[in-house]
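Asker: Same order as they appear, the protein sequences are chains A and V. Mind the numbering: the first sequence is residues 1 to 239 in the working numbering, read in order. Mind the numbering: the second sequence is residues 1001 to 1239 in the working numbering, read in order.
Any given hint might turn out to be false.
Stated by the list, open to error - In silico SDA-like links for lysine to any residue, alpha-carbon gap of 20 Å or less:
1. V:LYS1139 with A:ALA58
2. A:LYS144 with V:LYS1144
3. V:LYS1144 with A:LEU52
4. V:LYS1139 with A:LEU52
5. A:LYS139 with V:ALA1118
6. A:LYS139 with V:LYS1144
Think of the hints as simulated: they come from the structure by calculation, not from any bench. Computed from a predicted structure; not experimentally measured.
Number of protein chains: 2
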Amino acid sequence: MVYELYYWPSIQGRGEFVRLALEEAGCDYVDVARNPAMGVRALLALLSDESLARPPFAPPFLRADGIIIAQTASILDYLGGRHELAPRDEAARRWTLQLQLTITDLLVEVHDTHHPIAGSLYYEDQQPEAVRRSADFVKNRLPKFLDYFERVLRLNAERPHLVGERLTYVDLSLFQVIAGARYAFPRTLARLAPRCPRVLALHEAVAARPRIAAYLASARRLPFSEQDLFRRYVELDPP
Amino acid sequence: MVYELYYWPSIQGRGEFVRLALEEAGCDYVDVARNPAMGVRALLALLSDESLARPPFAPPFLRADGIIIAQTASILDYLGGRHELAPRDEAARRWTLQLQLTITDLLVEVHDTHHPIAGSLYYEDQQPEAVRRSADFVKNRLPKFLDYFERVLRLNAERPHLVGERLTYVDLSLFQVIAGARYAFPRTLARLAPRCPRVLALHEAVAARPRIAAYLASARRLPFSEQDLFRRYVELDPP
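Looking at chain A on its own, in the form it has when it is part of the complex (with noise of 0.2 Å):
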């Protein structure tokens, strides 16, 4: 079965974690909105399909099987049960899911650093809030969602995964937290590193797969911009 990602062509943002799980279980997909025959319009037409059924509100959102599914967090569950990357057993697989929402939650966070007025305004248009919002992200949200993800990861027994024996998708989302947090705060990050040794060594691991190496390599990969989710403004990176 070919699976279809829809999400925006130009950017990582939320697609980014889905294509991580694709990529780390080798399915066989089309970024559909980056497939030249496709286009963002096909992203836009079904968007705007009053023929579906269960439309979903926003990218990205995976076709798969004949049903179309949206929310990240979601997503990741579906395809973390079919391809081996989340755990059989029910209370384990819920715990992946919770903590994959907490993810959810910090990226919010971590979009409204440079959009905290509103989404349809440039950056420009916001940044003394978004300098004001950043100060208490990095100061304190940030240092708080990492000291929890820490503090999971000393919990699993020292295992070097979020859950159980084996790497699942949210051990890959968590990658990508920090591979984004190392691009838009830097300076943070250096700061934090001494308190999140196991969080970093996770990312490092997660690197270093076959499939997420060979991936990261290719120009399927996109590169960290102004445009995405995770943006490098000095301004919102205080020394």
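Since the structure of chain A is already known, use the hints to place chain V on it.
Answerer: For chain V alone, kept in the frame of chain A given last:
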């Protein structure tokens, strides 16, 4: 079995979405932090309990069957599966979760109308930013979400529920969204009412369900307030 709900004792907040499901299902539950013998101490103790193998990041969380489940949408998916508040069919159940996660996204935006800069600051310390953010929320974001849920109701073959032929937990949640929006943004909601008749009819139908009506009339239903997720500040609800 007695469920234990852990949530802040003086607000509806995100915990209210869980309370509504527990009430509609007729579950036996303890609202831990509101229980005089337990109190908010018990909630804080659990949050900082270093012996937990799977600690929650934040309230609400539910203790059941010896496990602790956090993240509102996941709690509801869990309860829905056990108490006939979610479809049995797997794709329909995932669709219900997807709708709930869309409500989760909306709730973050509701919160950020009054706290666009930092949850750790008072409203008064971020009021100008809140006015700016709310202007976008009431003009663009809330209408977009309400249009979406109106569309989903229309697509469900003119049934009065979002999913399938029966009430699910996401119907209860959409009821609460409207209750909150009526409190916090009465002028905006009055303006938007003509475009979402099905959403408002669902709200009325849920309010009239015997167990929900009894709950809303009881002391268990906390009043709205300006410490809560939905807050009435006249300057955030422009005419």
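Asker: Can the restraint linking LYS139 of chain A and ALA1118 of chain V be considered satisfied, given a maximum Cα separation of 20 Å?
Answerer: The hint holds at about 11 Å.
Asker: Below or equal to 20 Å on CA atoms is what counts here, so check LYS139 of chain A against LYS1144 of chain V.
Answerer: Distance of about 33 Å is beyond 20 Å: violated.
Asker: Keeping to a limit of 20 Å between CA atoms, is the pair of LYS1139 of chain V and LEU52 of chain A held or broken?
Answerer: Not OK: LYS1139 of chain V and LEU52 of chain A at ~26 Å, beyond 20 Å, violated.
Asker: Is the Cα-Cα distance between LYS1139 of chain V and ALA58 of chain A 20 Å or less?
Answerer: OK: LYS1139 of chain V and ALA58 of chain A at ~18 Å, within 20 Å.
Asker: Given the hinted pair LYS1144 of chain V and LEU52 of chain A, is their alpha-carbon gap at most 20 Å?
Answerer: 18 Å, holds
Asker: Given the hint that LYS144 of chain A pairs with LYS1144 of chain V, test it: the Cα-Cα distance must not exceed 20 Å.
Answerer: Not satisfied, since the Cα-Cα distance of roughly 32 Å exceeds 20 Å.
Hints 2, 4 and 6, counting from the list given before, are not met by this structure.
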